[in-house]
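Using the sequences and the accompanying hints, generate a full structural model.
The listed protein sequences correspond, in order, to chains G and Z.
Just so you know, full-length UniProt numbering puts 54 at position 54 of the first sequence, and the rest follows in order with no gaps.
Just so you know, full-length UniProt numbering puts 465 at position 465 of the second sequence, and the rest follows in order with no gaps.
If you're looking for bench data, these hints aren't it; they were derived computationally from the structure.
Just so you know, these numbers come straight off a predicted model, no measurement behind them.
Accuracy of the hints is not assured; some may be wrong.
What the hints assert, rightly or not - If you want the footprint, here are the derived chain Z segments under chain G, 3+ residues with CB under 8 Å:
#1 90-97
#2 468-475
#3 517-530
Unchecked claim - Computed from the model, here is a short list of chain Z residues facing chain G with C-beta under 7 Å:
#4 L65
#5 F76
#6 R121
#7 Y148
Every residue, glycine too, gets a C-beta built ideally from N, C-alpha and C.
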Amino acid sequence: VDIKSMTSYLYWLYCQYELITCSYLMEPWEKVLFYTVNVATLVTLAYAAYLFVPARISGAFCFVLHLLGNQPENTVSIMK
Amino acid sequence: MANPSAVCNGHLHYHQKQNNLLKSGISKKNGITKGIKKNGVSNGSLSKKAFIEHFEQAPMYVAVLTFVGFGVGTIFGYLRDFMRAWGLEKRNIATEREQQKDFVPLYQDFENFYTRNLYMRIRDNWNRPICSVPGPQFDLMERVTDDYNWTFRFTGRTIKNVINMGSYNYLGFAETDANALKTVAKELQKYGTGICSTRQEMGTLDKHVELEKLVARFLGVEDAMVFGMGFATNSMNIPALVGKGCLILSDELNHTSLVLGARLSGATIRIFKHNNIQSLENLLKDAIIYGQPRSRRAWRKIIILVEGIYSMEGSIVRLPEIVSLKRKYKAYLYLDEAHSIGAVGATGRGVVEYFGMNPDDVDVLMGTFTKSFGAAGGYIAGKKDLVDFLRTHSHSAVYATSMCPPVAEQIIRAMKCLMGLDGTTQGLQRVQKLGKNTRYFRRRLHEMGFIVYGNDDSPVVPLLLFMPGKIGAFARRMLEKSIGVVVVGFPATPITESRARFCVSAAHTREMLDTVLNALDELGDFLHLKYSRYSKSAHPELYEESRFELED
Numbered sequence: 001v002d003i004k005s006m007t008s009y010l011y012w013l014y015c016q017y018e019l020i021t022c023s024y025l026m027e028p029w030e031k032v033l034f035y036t037v038n039v040a041t042l043v044t045l046a047y048a049a050y051l052f053v054p055a056r057i058s059g060a061f062c063f064v065l066h067l068l069g070n071q072p073e074n075t076v077s078i079m080k
Numbered sequence: 001m002a003n004p005s006a007v008c009n010g011h012l013h014y015h016q017k018q019n020n021l022l023k024s025g026i027s028k029k030n031g032i033t034k035g036i037k038k039n040g041v042s043n044g045s046l047s048k049k050a051f052i053e054h055f056e057q058a059p060m061y062v063a064v065l066t067f068v069g070f071g072v073g074t075i076f077g078y079l080r081d082f083m084r085a086w087g088l089e090k091r092n093i094a095t096e097r098e099q100q101k102d103f104v105p106l107y108q109d110f111e112n113f114y115t116r117n118l119y120m121r122i123r124d125n126w127n128r129p130i131c132s133v134p135g136p137q138f139d140l141m142e143r144v145t146d147d148y149n150w151t152f153r154f155t156g157r158t159i160k161n162v163i164n165m166g167s168y169n170y171l172g173f174a175e176t177d178a179n180a181l182k183t184v185a186k187e188l189q190k191y192g193t194g195i196c197s198t199r200q201e202m203g204t205l206d207k208h209v210e211l212e213k214l215v216a217r218f219l220g221v222e223d224a225m226v227f228g229m230g231f232a233t234n235s236m237n238i239p240a241l242v243g244k245g246c247l248i249l250s251d252e253l254n255h256t257s258l259v260l261g262a263r264l265s266g267a268t269i270r271i272f273k274h275n276n277i278q279s280l281e282n283l284l285k286d287a288i289i290y291g292q293p294r295s296r297r298a299w300r301k302i303i304i305l306v307e308g309i310y311s312m313e314g315s316i317v318r319l320p321e322i323v324s325l326k327r328k329y330k331a332y333l334y335l336d337e338a339h340s341i342g343a344v345g346a347t348g349r350g351v352v353e354y355f356g357m358n359p360d361d362v363d364v365l366m367g368t369f370t371k372s373f374g375a376a377g378g379y380i381a382g383k384k385d386l387v388d389f390l391r392t393h394s395h396s397a398v399y400a401t402s403m404c405p406p407v408a409e410q411i412i413r414a415m416k417c418l419m420g421l422d423g424t425t426q427g428l429q430r431v432q433k434l435g436k437n438t439r440y441f442r443r444r445l446h447e448m449g450f451i452v453y454g455n456d457d458s459p460v461v462p463l464l465l466f467m468p469g470k471i472g473a474f475a476r477r478m479l480e481k482s483i484g485v486v487v488v489g490f491p492a493t494p495i496t497e498s499r500a501r502f503c504v505s506a507a508h509t510r511e512m513l514d515t516v517l518n519a520l521d522e523l524g525d526f527l528h529l530k531y532s533r534y535s536k537s538a539h540p541e542l543y544e545e546s547r548f549e550l551e552d
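Below, the structure written as C-alpha cells:
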C-alpha cells in the first residue's frame with residue numbers, strides 16, 4: 001500500500017468532484033454550505049441504510065428460504 | 001515556381017497560363033476557364049480528396065454530469081439572486097435609481113441570470129489585455145481581482161512570451177519585422193492614417209483600386225471590392241443583394257454577421273442542418289414546389305449562405321455538392337471565406353481551390369483580411385456586374401469610412417508574398433507550413449484521446465471540455481503554464497458542448513507545438529478530458545498510410 005500515491009489519487013478524485021459539481025467556481029462560504037449539505041445528505045442516507053437494510057435483507061433471505069424450503073413438500077403433495 | 005512537385009498538375013498549369021495571359025493581354029476570364037478545363041479538373045464533381053470530419057459524441061455519463069454541474073450552478077445562482085434581492089449582499093450590476101423604482105424596469109433582471117451567476121465567476125479568462133503583437137508568442141498584462149471577478153486591477157507586471165494559441169494568425173503575417181513592414185511604413189508616411197470620408201464621396205484612394213485589382217487577380221475573378229470592417233461587409237451587403245420576396249437558406253451554424261445581414265434584408269430565412277446536403281436539398285425542393293408562403297408565387301431569388309470554415313466547429317463546407325445542388329435548382333451561392341482564405345488550398349486561395357473548383361461556380365465570394373493577412377477589413381468578389389452594383393447600392397460603400405492606407409498596404413504586401421510576386425517563395429512556404437502544423441497538431445490530439453471536432457485540414461481545432469467547471473480550470477492552468485487559449489461556452493456553443501478553440505499558425509515552430517501538446521497531455525490527465533473512445537493506438541503506422549496516399 002503506497003500512501004503517497006493513495007493520497008494523491010484521493011486528492012485527484014476530490015478535484016474531479018469539485019470540477020464536476022462546479023464547486024471549484026464557488027466562493028469559500030458557498031463551498032462550506034454546499035459541502036455541509038452534501039455531507040448531511042450522505043450521513044442521513046448511511047444512517048438510514050444502517051437502520052433499515054439489515055432487517056430488509058434478512059426478511060428477503062427468509063422469503064427465499066421459505067420458497068426453497070417448501071419445495072419438497074409441494075412435490076410430495078402433487079405426487080400423492 | 002520553386003517546388004512544382006508540391007503543387008498538383010492542374011494548379012501548376014493554371015499559374016503558367018495566367019502568366020502567359022498577362023503578357024499577351026487576353027481577357028482573364030476566358031483564359032482561366034480554358035486552363036482548368038484542359039487539365040481535367042472538372043467543376044462541381046465530387047472531389048477526389050478524402051473528406052475526413054470528426055464529430056464524436058461523448059459518453060452518456062459526460063452529458064449527465066454536465067447537467068449536474070449546470071444544475072448546481074443554477075441553484076447557487078438562485079440563492080445569490082435571493083440574497084441580492086433581500087439586501088443580504090451588495091449588488092454589483094446595473095440597477096435603477098431609487099427614485100425610478102416604480103417606473104417601467106430599465107434592466108431586465110432575470111435575462112442576465114446566466115451572465116451574473118455563471119459567467120462572472122470565470123470572467124477572468126476573457127478580455128485579457130495583451131501588450132505586444134499577436135504573433136506566435138505574446139505578452140499579457142497581469143491582472144488580479146479582489147472581489148471574485150467583478151472588478152480587476154492591473155499589477156503593472158507583464159507575463160512575457162506566452163504561446164499564442166488563440167489569435168487568428170494562420171499565416172503568421174502579424175509580425176513587427178522592420179524589413180517586412182518597409183512598404184507599410186512608407187505608405188504611412190505618405191498618406192497618414194485617416195481617410196475622413198466614405199468611398200462614395202472622397203474616400204477612394206489609388207491604394208484601394210490597386211488592392212481591389214490584386215484581390216480579383218488572387219481569387220481568379222473579374223472584380224472585387226474592399227470594405228473597412230469584416231463584420232460590416234456581411235451585415236451591410238446581404239441587404240443590398242436580397243430583399244423582401246427572396247429566400248435565404250442559411251446553415252445552422254452561420255456566424256452572427258451573416259445572420260444579422262439576413263435579418264436586416266427582410267427576406268424569408270430558412271435554416272438547414274449543418275453541412276447536411278439532404279436537408280438543403282429538401283428545403284430547395286420545397287421552395288421550388290411551393291413558392292412563397294401565402295401567394296404561392298415563385299421566389300424572386302434563392303440564395304444559399306455558407307461559410308468556408310466554420311470557426312466553432314472547424315468543419316469545412318461541402319462545396320462540390322452544394323454547387324451541384326445550386327446548379328440543379330438555379331439558386332445563388334454566397335460563400336463567406338473569413339477563416340478559409342489563405343488557410344486552406346494548395347496555394348492559399350481558400351476552399352474553392354481546396355476542392356479544385358472554378359471560382360465562377362460561386363456567385364458571391366466574400367472574405368476578410370483580419371485572419372490570414374494580419375490586417376483588418378473584408379472584401380466581396382465576383383462578376384463585374386455584381387461588384388459594380390455593390391459599389392452604388394451597398395450601405396457600407398455609401399456610408400462607411402473606407403479602409404485606411406497602411407492597412408491596405410499590409411494586405412497588398414501579404415497578398416503579393418502569398419502569390420509569389422515579390423520574387424520569393426515565402427508565401428507558398430507559409431501555406432505549406434500551416435498545413436503541416438495543422439495535420440501534426442490534430443493527429444497528436446487524436447492520438448492522445450481528446451475529442452476534437454472538425455475536418456483534418458482545418459487550422460481551427462476545437463477541443464471539447466463539456467463541463468462548465470472545467471472551462472475555468474482549463475484556461476487558468478494553461479495560462480499558468482504560459483500558454484494562452486480561448487475557451488468558449490454557452491451561449492456561443494450548445495449547452496453541453498463547451499470547448500477550447502486552438503488556432504494553429506504557420507509561425508508556430510515544432511517546439512512550440514510540442515510544448516503545447518505536452519501541457520495538454522498533462523492537463524488532460526489531471527482534468528480527465530480524454531473522453532474519446534476511438535483514440536488511435538500508440539503505433540500510428542497503420543493510420544498514417546491510409547492518410548498520406550491521398551495527399552499528393
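Now the hints, each set against the structure:
Using a Cβ-Cβ cut-off of 8 Å, 0 residues of the region 90-97 of chain Z lie near chain G, which falls short of the minimum of three, so the contact claim is violated. By the rule of at least three residues with a Cβ nearer than 8 Å to a Cβ of chain G, the coverage given for the region 468-475 of chain Z holds, with 5 such residues. Beta-carbon proximity to chain G at under 8 Å applies to 3 residues in the region 517-530 of chain Z; the threshold of 3 is reached and the given coverage holds. Hint status for L65 (chain Z): holds, given a least beta-carbon distance of 5 Å to chain G, under 7 Å.
At its closest, the beta carbon of F76 (chain Z) sits 6 Å from a beta carbon of chain G; the interface hint therefore holds under the 7 Å criterion. Taking 7 Å as the C-beta contact cut-off toward chain G, the hint placing R121 (chain Z) at the interface holds, the least distance being around 4 Å. Because the closest C-beta pair between Y148 (chain Z) and chain G is about 6 Å apart, less than 7 Å, the hint holds.
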